[in-house]
Amino acid sequence: MAVKNFVVASFDDEAVLFPAVKKVRTAGYKIHDVYTPFPVHGLDHAMGLRETSLHTAGFVYGITGTTTALSCMSWIFTTDWPMNIGGKPHFPLPAFIPITFELTVLFSAVGMVLTFCYLCQLAPFVKKHIFHPRQTDDLFVMAIEVTAKTNAEELKKFLAGIGGTQINEQRAEAGWWYGRFDREDRLFENKRPEPVNA
Amino acid sequence: MHLKYESTLREPLVDGVKNYHQVTEDIISPIEGKPGKLWYIGFFISLSLLLFGVCSVTWEVYYGTGVWNLNKTIGWGWDITNFVWWVGIGHAGTLISAILLLFRQGWRTGVNRAAEAMTIFAVMCAGQFPIFHMGRVWMAFFVLPYPNTRGPLWVNFNSPLLWDVFAISTYFTVSLLFWYSGLIPDFATVRDRAKTKLRKLLYGIASFGWTGSTKHWQRHEALSLVLAGLSTPLVLSVHTIVSFDFATSVIPGWHTTIFPPYFVAGAIFSGFAMVQTLLIIVRKVLHLEDYITIGHMEAMNKVIVLTGSVVGCAYLTELFMAWYAAVPYEFATFYKYRAAGPLGWSYWIMMTCNVITPQVFWFSKMRRNVLVTFVMSIIVNIGMWFERFVIICTSLYRDYLPSSWAYYRPSWPEVGFYMGTFGLFFTCFFLFAKYFPVIAVAEIKHVLKTSGESFKNQMEKYEQQPADEFAKDQHHEDEHHHDPHVAPVHQS
Numbered sequence: 618m619a620v621k622n623f624v625v626a627s628f629d630d631e632a633v634l635f636p637a638v639k640k641v642r643t644a645g646y647k648i649h650d651v652y653t654p655f656p657v658h659g660l661d662h663a664m665g666l667r668e669t670s671l672h673t674a675g676f677v678y679g680i681t682g683t684t685t686a687l688s689c690m691s692w693i694f695t696t697d698w699p700m701n702i703g704g705k706p707h708f709p710l711p712a713f714i715p716i717t718f719e720l721t722v723l724f725s726a727v728g729m730v731l732t733f734c735y736l737c738q739l740a741p742f743v744k745k746h747i748f749h750p751r752q753t754d755d756l757f758v759m760a761i762e763v764t765a766k767t768n769a770e771e772l773k774k775f776l777a778g779i780g781g782t783q784i785n786e787q788r789a790e791a792g793w794w795y796g797r798f799d800r801e802d803r804l805f806e807n808k809r810p811e812p813v814n815a
Numbered sequence: 080m081h082l083k084y085e086s087t088l089r090e091p092l093v094d095g096v097k098n099y100h101q102v103t104e105d106i107i108s109p110i111e112g113k114p115g116k117l118w119y120i121g122f123f124i125s126l127s128l129l130l131f132g133v134c135s136v137t138w139e140v141y142y143g144t145g146v147w148n149l150n151k152t153i154g155w156g157w158d159i160t161n162f163v164w165w166v167g168i169g170h171a172g173t174l175i176s177a178i179l180l181l182f183r184q185g186w187r188t189g190v191n192r193a194a195e196a197m198t199i200f201a202v203m204c205a206g207q208f209p210i211f212h213m214g215r216v217w218m219a220f221f222v223l224p225y226p227n228t229r230g231p232l233w234v235n236f237n238s239p240l241l242w243d244v245f246a247i248s249t250y251f252t253v254s255l256l257f258w259y260s261g262l263i264p265d266f267a268t269v270r271d272r273a274k275t276k277l278r279k280l281l282y283g284i285a286s287f288g289w290t291g292s293t294k295h296w297q298r299h300e301a302l303s304l305v306l307a308g309l310s311t312p313l314v315l316s317v318h319t320i321v322s323f324d325f326a327t328s329v330i331p332g333w334h335t336t337i338f339p340p341y342f343v344a345g346a347i348f349s350g351f352a353m354v355q356t357l358l359i360i361v362r363k364v365l366h367l368e369d370y371i372t373i374g375h376m377e378a379m380n381k382v383i384v385l386t387g388s389v390v391g392c393a394y395l396t397e398l399f400m401a402w403y404a405a406v407p408y409e410f411a412t413f414y415k416y417r418a419a420g421p422l423g424w425s426y427w428i429m430m431t432c433n434v435i436t437p438q439v440f441w442f443s444k445m446r447r448n449v450l451v452t453f454v455m456s457i458i459v460n461i462g463m464w465f466e467r468f469v470i471i472c473t474s475l476y477r478d479y480l481p482s483s484w485a486y487y488r489p490s491w492p493e494v495g496f497y498m499g500t501f502g503l504f505f506t507c508f509f510l511f512a513k514y515f516p517v518i519a520v521a522e523i524k525h526v527l528k529t530s531g532e533s534f535k536n537q538m539e540k541y542e543q544q545p546a547d548e549f550a551k552d553q554h555h556e557d558e559h560h561h562d563p564h565v566a567p568v569h570q571s
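Protein chains in written order, with our numbering: chain A, 618 to 815; chain B, 80 to 571.
None of these hints come from the bench; they were simulated from the model. Any given hint could turn out to be false.
To be verified - Within a straight-line C-alpha distance of at most 20 Å, the following computed EDC-like cross-link-like pairs (lysine to aspartate or glutamate) qualify:
| # | chain 1 | residue 1 | chain 2 | residue 2 |
| --- | --- | --- | --- | --- |
| 1 | B | K415 | B | E397 |
| 2 | B | K381 | B | E397 |
| 3 | A | K647 | A | E770 |
| 4 | B | K294 | A | E790 |
| 5 | B | K513 | B | E368 |
| 6 | A | K621 | A | E771 |
| 7 | A | K621 | A | E770 |
| 8 | B | K276 | A | E801 |
| 9 | A | K640 | A | E770 |
| 10 | A | K639 | A | E790 |
| 11 | B | K279 | A | E762 |
| 12 | B | K279 | A | E771 |
| 13 | B | K294 | A | E771 |
| 14 | B | K294 | A | D630 |
| 15 | B | K279 | B | D552 |
| 16 | A | K640 | A | D630 |
| 17 | B | K274 | A | D799 |
| 18 | A | K647 | A | E790 |
| 19 | B | K274 | A | D630 |
| 20 | A | K640 | A | D799 |
| 21 | B | K363 | B | E104 |
| 22 | A | K744 | A | E668 |
| 23 | A | K774 | A | E790 |
| 24 | B | K363 | B | D105 |
| 25 | A | K647 | A | E801 |
| 26 | B | K276 | A | D630 |
| 27 | B | K279 | B | E104 |
| 28 | B | K294 | A | E770 |
| 29 | A | K639 | A | D629 |
| 30 | B | K513 | B | E532 |
Bound-form chain B, shown alone:
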């Protein structure tokens, strides 16, 4: 048993004077109240977008993929662009909850629950696109390898498209399990303070009968740690495999070995941007500024500027390799049809939004500004959508045979489908924000005494002490005397 002590120089993760009960009160009470007017407006807008999406998809299923403006040259358009974009957004949650847990980044506790929820909803949206791109969507189960009456004819395990099936479904399942196992104790908290019968019933079911037993917590901790360890390579593998969809083909502009790290960096970049967009609204609406602090936003902005610059380096590397490799097709794709050509404008939107504008985050003042962060988070996501559009469409629209060259703009069912996934995403997110604890209550309580503002202030007297004296005192305190107000938190 030894002491965990955090310097007061480190910014507190929980602002204000809080005790454990206050934490519960702050995070759970929005669930217990009636939703506000804004919530209803937002929810119904999302729901109507979702309905519009359902109509667009129904249209597409009824008439076939021909209603999309895809043609023989441009076989992948908005749908696969949106697929990759949503999957990318779905990377931040698991990154925050898994990789940052392993790296012991304390600030993840404030944002991980909402980010994980966002991940799950984003992956749900992403999954729609390849499924409905199949056209005969009732045959979608053909992608699963199972003993069948067609031979049995198996799926092609060499195909990156099949790897995607496994990667996305595994990622969704594992993220869901990770998220839900963290939610169980918090649902129990909601259940035990519930006043109405319905709430007791529903949260009672959702909490699986959790009691907070020490043995259960011990297993829960072990489970979280191993799931984090598993999710870390998983989150990197998912976008790596998505990038294989392109990289293993022989299309100029796709056939590059830089794709896996470049896609992963881009995914983290856009994922954090989406987390920022959502959390800036959530912290304001639910009054959670004490838990999702400016410090949290700054930390995420640092990740954004880092990954944005990695993505920028990847763009430049691609340009360099296109010249250095001396392959005329590769050169033409990058210099004639991406940076210039009829779709050249999309390339420059991508460059501006992803590489140039995020550089403002080198300045601490910008990183800590809520409005700048909010605007930037939207710019980044526009940029990342265009990145996928550029990769897919500007590589395809000028192929090896000039007579098949084409231009591409989406038809209404394609746009509707995309808007429908926004509807799905925000419908889910609104429900989540209303009925789920948006911040991991138990985890916040766990770090409260080391990283809460009021507790950190009590540490000031230790800051003045010489180190060996401090160590001696603490040892003494540990053995004989326990002052409940000073909080020497015990660690195994």
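The shape of chain A in the complex, shown without the other chains:
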């Protein structure tokens, strides 16, 4: 990832946020992200994000679990060690149902959570830039990337006009890095030259 410049505005109500998102997008600014303290339904559509495919991944993981359980148990009981348990059949399908079901759920759940963490890049000791400490409390924080074409001052005025407060400019790493939240460490801060576009 890279260090970029952002113009950051806070909104204190989703009723102000929604039209603001719409206006920012119509004006042609590139919304880097909107940070909210809770899931705001419809915001993803308002921002034009595509629907997540995490469900599909969950289904695929589930099917993998089903297949693993069924194939392992049947291979073990019919091929690897056909054990005589009270004269019962070597392939007792009804008796396999509970374990098959459990493994389906287990694979699906574990797989989905790991995929979720991977997609969102979440892990212990992962640090990301927090644009406003109250974005996890009560503010809806919009970060707009300042590109070569953006006039930051104009953008700030525009944001103030549509209900944004505490508008400021921040230079931040857009991705994640290994770090701790009790330290003021920033990735690449002293290693990279300043980009000229700001």
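With the hints as your guide, set chain B onto chain A.
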């Protein structure tokens, strides 16, 4: 995009005048303060119980299961009773967070976090019993199917005891993942308002670097919904499989097809009772009465009276079938050795606590009374412990061979083991109540504008309006004008 609007007739889920920041403040600030005197007393009592449990178990591991008063007739006693009891208690959390989510029961948001935590701790306690019942506990990994040097000799996939291994471990894992994925955003909230370095560090690690990005929330919602969908059959399967431990055997009193639904209902019954016991204390100590309201308690009491009655019907069905099936052994078990006989007293404790006393919850006044609820929640859990004791011991102590008939009372390591799991449970719960957000902060904020008291009051003017006029107005408002104070919450 359409409007979510909830009638003012429906009781608010969050009492008082709150905004988003106030919600954070109310729920997170207990974490930031020093624990009170009561917390320390409770914590150290739990810790000493846990230590006593560790001693009892060490004794048992050193000398073998012979130190328990089990014998050739009564092979399962307190340990399996406690196992089933704890697993049952561990059902409420996932039920609340999964099934009630799918049924769109808004009141679950106030109680789901604590209930899920309780589930996880209860399952941890439950797991100890079968593991230490193995005797040679260092061989416990033999229950896992893995290519080994013994043949490879595999586990018996036909055995309900092995299904249990899979069911309980899957249930624990999935509940833990569900709980923790919900905790991540709330840990981030704690982290971002933390004042001390240590708190920033620890909650920073625990929050996995969560920022609240819209895309992440979208995925988080998808994850929660699918995990809820997966946990719903899972929670029903777990106690079904536990009941198979009994139902697939040929012991009179165990060999019945009614067991799966009967066990599941009983599990929900005892689980909700335990949630009530804990939350009544938590809401008082942490001053969360605005979030865990009397309405929440009433909703749970309704579940208790329903499941208690289902359990009651199951008891009667068992009695009927014991007579109707005309199997003399079955008849003897139920009518001679359960309802009467040397252990008959346990049957009547079970009947009283599970079937008769919960009927007080047919009355709204009782459902909404904190003291009655608290006392009832404890009675129900005593009753449900005795249910498992009755099922296990009164079926075993009079078997097919009268010369092996026996009586059973636990030895001190058995009692100590049980008390030790209480220690484990409450040690974990005390730590949870102190260091974790006990209410799902983000979820409360999510429902605040539809179900918060102060926001609902603003809806009164809409209640007066005719429906078509309301629809027209709202459409207009949606398109052109956004009044931040009226809160038309947008829904996808």
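Verification of the supplied hints:
1. For the given pair, K415 of chain B sits about 14 Å from E397 of chain B by alpha-carbon distance, which is consistent with the 20 Å threshold.
2. In summary, the hint linking K381 of chain B to E397 of chain B is not supported, as the alpha carbons are separated by about 24 Å, beyond the 20 Å threshold.
3. Restraint check for K647 of chain A and E770 of chain A: the C-alpha separation of about 15 Å stays at or below 20 Å, so the hint holds.
4. A distance of roughly 18 Å separates the Cα atoms of K294 of chain B and E790 of chain A; the hinted pair therefore holds under the 20 Å criterion.
5. For the hint linking K513 of chain B to E368 of chain B, the alpha-carbon distance of about 17 Å falls within 20 Å, and the restraint holds.
6. A threshold of 20 Å between alpha carbons decides the hint, and for K621 of chain A with E771 of chain A the separation of about 18 Å falls inside it, so the pair holds.
7. With a C-alpha separation of about 16 Å, the suggested pairing of K621 of chain A with E770 of chain A holds against the 20 Å cut-off.
8. Taking the CA atoms of K276 of chain B and E801 of chain A, the gap is about 11 Å. The hint holds against a cut of 20 Å.
9. Taking the CA atoms of K640 of chain A and E770 of chain A, the gap is near 17 Å; set against the 20 Å cutoff, the hint holds.
10. Simply put, K639 of chain A and E790 of chain A have alpha-carbon atoms about 26 Å apart, too far for the 20 Å limit, and the pair is violated.
11. At roughly 28 Å between alpha-carbon atoms, K279 of chain B and E762 of chain A are farther apart than 20 Å, so this suggested pair is violated.
12. Taking the CA atoms of K279 of chain B and E771 of chain A, the gap is near 36 Å; set against the 20 Å cutoff, the hint is violated.
13. Of the pairs offered as hints, the one joining K294 of chain B and E771 of chain A is violated, with about 27 Å between alpha carbons and a cut-off of 20 Å exceeded.
14. Distance hint between K294 of chain B and D630 of chain A is fulfilled; the C-alpha atoms sit about 19 Å from each other, no more than 20 Å.
15. Pair hint K279 of chain B plus D552 of chain B does not hold up; C-alpha atoms about 47 Å apart against a cutoff of 20 Å.
16. Of the pairs offered as hints, the one joining K640 of chain A and D630 of chain A holds, with about 16 Å between alpha carbons and a cut-off of 20 Å not exceeded.
17. A hinted pair counts as satisfied when its Cα atoms are at most 20 Å apart, and K274 of chain B with D799 of chain A qualifies at roughly 10 Å.
18. Distance check on the hinted pair: K647 of chain A and E790 of chain A sit about 16 Å apart at the alpha-carbon level, within 20 Å; holds.
19. The hinted pair formed by K274 of chain B and D630 of chain A fails the criterion: a straight-line CA distance of about 26 Å is larger than 20 Å.
20. Restraint check: the Cα-Cα separation between K640 of chain A and D799 of chain A comes to about 37 Å, which exceeds 20 Å; the hinted pair is violated.
21. A distance of roughly 17 Å separates the Cα atoms of K363 of chain B and E104 of chain B; the hinted pair therefore holds under the 20 Å criterion.
22. As the CA atoms of K744 of chain A and E668 of chain A are separated by approximately 26 Å, the hinted pair breaks the 20 Å bound.
23. Pair hint K774 of chain A plus E790 of chain A does not hold up; C-alpha atoms about 24 Å apart against a cutoff of 20 Å.
24. A threshold of 20 Å between alpha carbons decides the hint, and for K363 of chain B with D105 of chain B the separation of about 13 Å falls inside it, so the pair holds.
25. This hinted pair does not check out: K647 of chain A and E801 of chain A have alpha carbons roughly 28 Å apart, beyond 20 Å.
26. Between the alpha carbons of K276 of chain B and D630 of chain A the distance comes to roughly 31 Å, so the proposed pair goes past 20 Å and is violated.
27. Taking the CA atoms of K279 of chain B and E104 of chain B, the gap is about 17 Å. The hint holds against a cut of 20 Å.
28. Between the alpha carbons of K294 of chain B and E770 of chain A the distance comes to roughly 27 Å, so the proposed pair goes past 20 Å and is violated.
29. Distance hint between K639 of chain A and D629 of chain A is fulfilled; the C-alpha atoms sit about 16 Å from each other, no more than 20 Å.
30. For the suggested pair K513 of chain B and E532 of chain B, the alpha carbons sit about 27 Å apart, so the restraint of at most 20 Å is broken.
In summary, the numbered hints that this structure violates are 2, 10, 11, 12, 13, 15, 19, 20, 22, 23, 25, 26, 28, 30.
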